[in-house]
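A.B. asks: In case you want the letters, here they are:
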Amino acid sequence: MRSLRVLLVEDDPDHVFLVRRALADLPGAAVTVEVAGDGEQALERLARSRFEAGGPPQLVLLDLKMPRMAGLELLGRIRADEATRDLPVVVLTSSERQEDREEALRQGATWFVCKPTDGRRFRSEIQQLGDRWAGSTP
Amino acid sequence: MEEAASPACVLDGHGRIIVANRALEVLLGVGVAGGLTGRSLPSLAYPPDEELAHAAVQQVLAEGLDRCQVEGRWVRIHSRELVWGAWDLSLVRDRRGRPELAIAMVRDLTEMKRSDHERRFFQFMFKLIGEADSSHQVLTAAVQTICHFTRCAMGQVWLPAGGVLVCSPSWYCSGYGFEKLHAASEAVNYELGEGLPGLAWAKRQPLLLEDIRDTGRFDRAIAAQRAGVREAMAVPVTGAEGVVAVLELFVTHERAGEPGRLGRIARVAEELGPLVERRRANEALAASQERFAAVTEAAVDAIVSADSSGRLLTWNNGAERMFGWTADEIVGRPLTVIIPERFRQLHSDGIARVRRTGTSKLAGQVVELSGLRRDGSEFPIELSIGSWNGPEGIAFSGVLRDITERKRAEAALAGANRELERANAELETLVYSASHDLKSPMVSLLGYLEYLRLDYGEVLGREGNRYLDRMADSTMYMQQLIHDLIDLSRVGRSGVEPTEVDLGRLVRAIAEDAGAANPAIEFRVGRLPVVTGDPVGFRQLFTNLIENAVHHGGHADLVVAVDGRAVPDGGVELSVRDNGRGIPREHRERVFGVFERLEGTSSSAGTGMGLAICRKIVEVLGGGIGIEGDRGTDVRIVLPAAVGARWPSHELTAGASR
Chain A
166 MRSLRVLLVE DDPDHVFLVR RALADLPGAA VTVEVAGDGE QALERLARSR
216 FEAGGPPQLV LLDLKMPRMA GLELLGRIRA DEATRDLPVV VLTSSERQED
266 REEALRQGAT WFVCKPTDGR RFRSEIQQLG DRWAGSTP
Chain B
9 MEEAASPACV LDGHGRIIVA NRALEVLLGV GVAGGLTGRS LPSLAYPPDE
59 ELAHAAVQQV LAEGLDRCQV EGRWVRIHSR ELVWGAWDLS LVRDRRGRPE
109 LAIAMVRDLT EMKRSDHERR FFQFMFKLIG EADSSHQVLT AAVQTICHFT
159 RCAMGQVWLP AGGVLVCSPS WYCSGYGFEK LHAASEAVNY ELGEGLPGLA
209 WAKRQPLLLE DIRDTGRFDR AIAAQRAGVR EAMAVPVTGA EGVVAVLELF
259 VTHERAGEPG RLGRIARVAE ELGPLVERRR ANEALAASQE RFAAVTEAAV
309 DAIVSADSSG RLLTWNNGAE RMFGWTADEI VGRPLTVIIP ERFRQLHSDG
359 IARVRRTGTS KLAGQVVELS GLRRDGSEFP IELSIGSWNG PEGIAFSGVL
409 RDITERKRAE AALAGANREL ERANAELETL VYSASHDLKS PMVSLLGYLE
459 YLRLDYGEVL GREGNRYLDR MADSTMYMQQ LIHDLIDLSR VGRSGVEPTE
509 VDLGRLVRAI AEDAGAANPA IEFRVGRLPV VTGDPVGFRQ LFTNLIENAV
559 HHGGHADLVV AVDGRAVPDG GVELSVRDNG RGIPREHRER VFGVFERLEG
609 TSSSAGTGMG LAICRKIVEV LGGGIGIEGD RGTDVRIVLP AAVGARWPSH
659 ELTAGASR
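Just so you know, the sequences run in chain order A and B.
Residues 166 to 303 (my numbering) are what the first sequence spells out, left to right.
Residues 9 to 666 (my numbering) are what the second sequence spells out, left to right.
No lab work stands behind these hints, which were simulated from the structure alone.
Check the hints yourself; a few may be wrong.
Unchecked claim - Taking CB as the label site, the calculated pair distances span:
#1 B:Tyr464 / A:Glu247: 28 to 38 Å
#2 B:Thr507 / A:Asp246: 48 to 58 Å
#3 B:Gly601 / A:Glu247: 52 to 62 Å
#4 A:Asp251 / B:Tyr485: 39 to 49 Å
#5 A:Arg250 / B:Val602: 30 to 40 Å
#6 A:Asp251 / B:Leu462: 34 to 44 Å
#7 A:Arg250 / B:Arg426: 41 to 51 Å
#8 A:Glu205 / B:Pro543: 57 to 67 Å
#9 A:Gln293 / B:Pro543: 25 to 35 Å
#10 B:Ala420 / A:Glu247: 53 to 63 Å
#11 A:Asp246 / B:Lys415: 28 to 38 Å
Note that the Cβ used here is the ideal one computed from N, Cα and C, for glycine as well.
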């Protein structure tokens with residue numbers, strides 16, 4: 166049984182539910198999802214996680230459009246910090262703008278996923294992400 | 009006496025010539041020697057002077073006056089020319105002292121009298137001409153003088169106008185009964201060479217018609233005869249520019265046949281030509297000055313002129329209104345009066361430069377400057393400057409327009425433009441936010457639908473599941489609408505650098521994809537150019553058009569052809585054509601609207617935005633798009649020369665992509 170700890174940075178509770186549910190249904194893996202409602206909370210979580218037993222999360226799922234701190238700024242801060250520099254950060258956003266994708270990748274996003282409208286596809290894309298990173302760590 | 013150089017004769021007691029010397033015979037034009045013998049001296053006189061001659065002879069021969077002198081005119085026997093003579097009669101008495109004979113010595117005064125007469129003629133005429141107000145009056149005055157001095161009864165002026173001679177309404181006559189003749193003249197026009205005046209006009213020579221009863225040569229004979237006219241003359245008045253007028257003069261029976269008359273009139277006419285021309289030039293100048301003044305005064309613009317030192321020469325009403333100075337107050341003062349302090353140095357430098365170089369940099373240009381009103385306020389002006397070389401060196405004219413209103417309008421427009429740009433930017437942000445914010449709830453909606461289906465699908469049953477499907481479809485459709493709205497708003501806005509787009513390659517790729525999804529449809533891609541533009545736009549354009557053809561063709565074995573051709577102005581015409589069911593003529597414009605789909609085509613997929621996007625893409629490129637074709641749909645796109653089309657040397661024809 167693989168395990169995966171995910172930090173989901175997302176302010177929309179419905180999307181939080183959908184991501185949680187998709188990852189919870191991921192076959193053959195025990196996924197823990199922690200949620201940060203904005204960038205500041207996310208940084209706080211990451212800082213605290215260094216002193217916790219499991220260490221930092223194996224994957225950060227990051228929405229671009231959030232209150233207080235924009236996703237890209239948070240991404241910059243994560244990449245600027247020695248401790249989180251190599252953390253896989255997947256940008257997960259509603260935006261379909263090519264510019265946003267390019268900018269996110271330039272800022273150091275590991276991957277960029279545009280949230281599919283179709284519920285079935287949304288579920289499978291999230292599960293693919295979980296599957297991929299769950300496999301990478303024991 | 010025979011040998012005497014002076015003309016002389018001997019008269020008998022009755023005043024008849026006994027003997028005349030050769031000199032007298034020559035003077036009076038007698039061909040044969042002794043031709044004067046027996047004629048009485050008074051009978052040789054010109055009729056009006058006959059009485060005078062008779063009285064002189066009487067005084068000597070009848071009253072016994074020893075000596076008598078008389079001046080008078082005499083008529084040469086054959087030529088009927090007039091001769092002026094001063095006759096000196098001396099009485100010869102018989103032995104008883106009674107008057108017996110008289111000896112008459114004649115001094116020929118003709119030359120003297122003639123030149124005196126001509127001098128007075130010219131003097132009189134020039135005086136009248138000097139008093140004339142117009143070139144027209146000059147000619148009338150000349151006709152009047154000519155009539156007076158050459159004993160013509162009537163004279164009138166013909167003027168060339170529009171290729172014909174027209175009789176001027178002003179004329180002169182020395183008696184009554186010529187009105188009908190003048191009216192008859194006014195009623196006709198003569199072409200070159202036509203009628204007596206027209207003939208003189210054509211020949212540029214004075215002409216004399218000795219007897220106007222010769223109807224073949226004179227067409228107004230009846231009117232002329234009633235007025236008692238015998239002779240008619242037409243004398244052209246010629247200036248440097250050609251014939252300026254033709255004078256027509258009429259002589260009555262009793263004055264007819266006076267020799268030398270035509271020649272005298274012709275000499276006068278020679279003097280007249282240059283005078284009339286000069287007067288006309290002055291008139292034209294005056295008229296043009298008058299017109300200029302009228303235009304200038306009526307103008308709303310300020311029209312001013314200045315000399316080479318920058319002193320104002322003229323100042324129109326517009327300038328008075330604009331600057332608050334009257335012409336009286338400002339003419340003669342330097343131009344700097346109307347120039348704001350801070351520009352005066354520039355102006356002085358400019359004037360100095362013009363005086364040095366003789367040319368003006370600003371002449372012929374329009375510049376925007378500030379003007380200074382009398383009350384010290386400034387206002388924006390537009391100035392156009394002309395320069396010319398006047399008698400005192402270079403001079404300037406300026407037309408100044410108050411552009412306060414225009415400046416205000418420009419500022420307002422610039423403000424409106426900024427506002428528009430801001431609004432556009434705002435709209436763009438709005439559209440992108442909308443794409444995100446509208447999408448988020450749909451993600452939620454469809455996400456929950458998925459879980460509803462997964463978790464409660466069995467509970468809901470078949471009907472419940474169908475509802476779920478309908479909800480999902482509708483939400484997806486809404487998603488598509490939002491997509492297309494964003495696409496439409498993006499066209500022409502993205503700051504994409506125009507690049508070279510190989511339309512042939514692009515269309516073949518799109519056709520290949522479409523062909524893979526619709527194997528029954530045949531795609532034909534013809535010769536298409538390489539153009540310059542937004543590659544994304546072109547991709548969207550052809551994708552939409554090909555998709556439309558595929559979706560709305562109406563049958564499976566469709567043929568879709570894309571073709572291009574160069575048009576004469578350097579542009580391109582492209583065509584995407586299918587043999588499907590086509591679009592009724594009445595809907596061909598409507599389909600380019602936003603959200604327009606043809607009703608009754610339930611199979612129609614899409615949001616109805618495709619063609620609206622296409623039209624916008626084409627219009628952003630400066631082109632046009634429309635639908636042609638009687639069978640199937642033929643979408644024609646015309647792009648301007650600005651797309652810089654380059655055509656491949658080889659042609660790709662049918663079946664290039666399938």
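A.B. asks: Determine whether the Cβ-Cβ distance between Tyr464 (chain B) and Glu247 (chain A) falls within the hinted range of 28 to 38 Å.
C.D. replies: Cβ of Tyr464 (chain B) to Cβ of Glu247 (chain A): about 48 Å, so the range 28 to 38 Å is violated.
A.B. asks: Arg250 (chain A) and Arg426 (chain B), beta-carbon distance inside 41 to 51 Å?
C.D. replies: holds (44 Å)
A.B. asks: Should the hint that Asp251 (chain A) and Tyr485 (chain B) are 39 to 49 Å apart at their CB atoms be regarded as holding?
C.D. replies: Check passed, 43 Å falls within 39 to 49 Å.
A.B. asks: Using the Cβ atoms, figure out if Thr507 (chain B) sits within 48 to 58 Å of Asp246 (chain A).
C.D. replies: violated (40 Å)
A.B. asks: Honestly, do Asp246 (chain A) and Lys415 (chain B) meet the 28 to 38 Å range at C-beta?
C.D. replies: Between Asp246 (chain A) and Lys415 (chain B), where Cβ atoms are some 57 Å apart, the hint is violated.
A.B. asks: With 30 to 40 Å as the target window, see if Arg250 (chain A) and Val602 (chain B) comply at their CB atoms.
C.D. replies: violated (48 Å)
A.B. asks: Kindly confirm whether 52 to 62 Å is satisfied by the beta carbon distance between Gly601 (chain B) and Glu247 (chain A).
C.D. replies: Hint holds: Cβ distance 58 Å, inside 52 to 62 Å.
A.B. asks: Does 53 to 63 Å hold as the CB distance between Ala420 (chain B) and Glu247 (chain A), or does it fail?
C.D. replies: This hint holds: roughly 57 Å between Cβ atoms.
A.B. asks: Between Glu205 (chain A) and Pro543 (chain B), does the beta-carbon spacing fit 57 to 67 Å?
C.D. replies: Because 41 Å falls outside the window, the suggested range is violated.
A.B. asks: Between Gln293 (chain A) and Pro543 (chain B), is the Cβ distance one that fits in 25 to 35 Å?
C.D. replies: Given about 31 Å between the Cβ atoms, the range holds.
A.B. asks: Take the C-beta atom of Asp251 (chain A) and the C-beta atom of Leu462 (chain B), compute their distance, and say whether it sits inside 34 to 44 Å.
C.D. replies: holds (36 Å)
Going through the hint list in order, the structure does not satisfy hints 1, 2, 5, 8 and 11.
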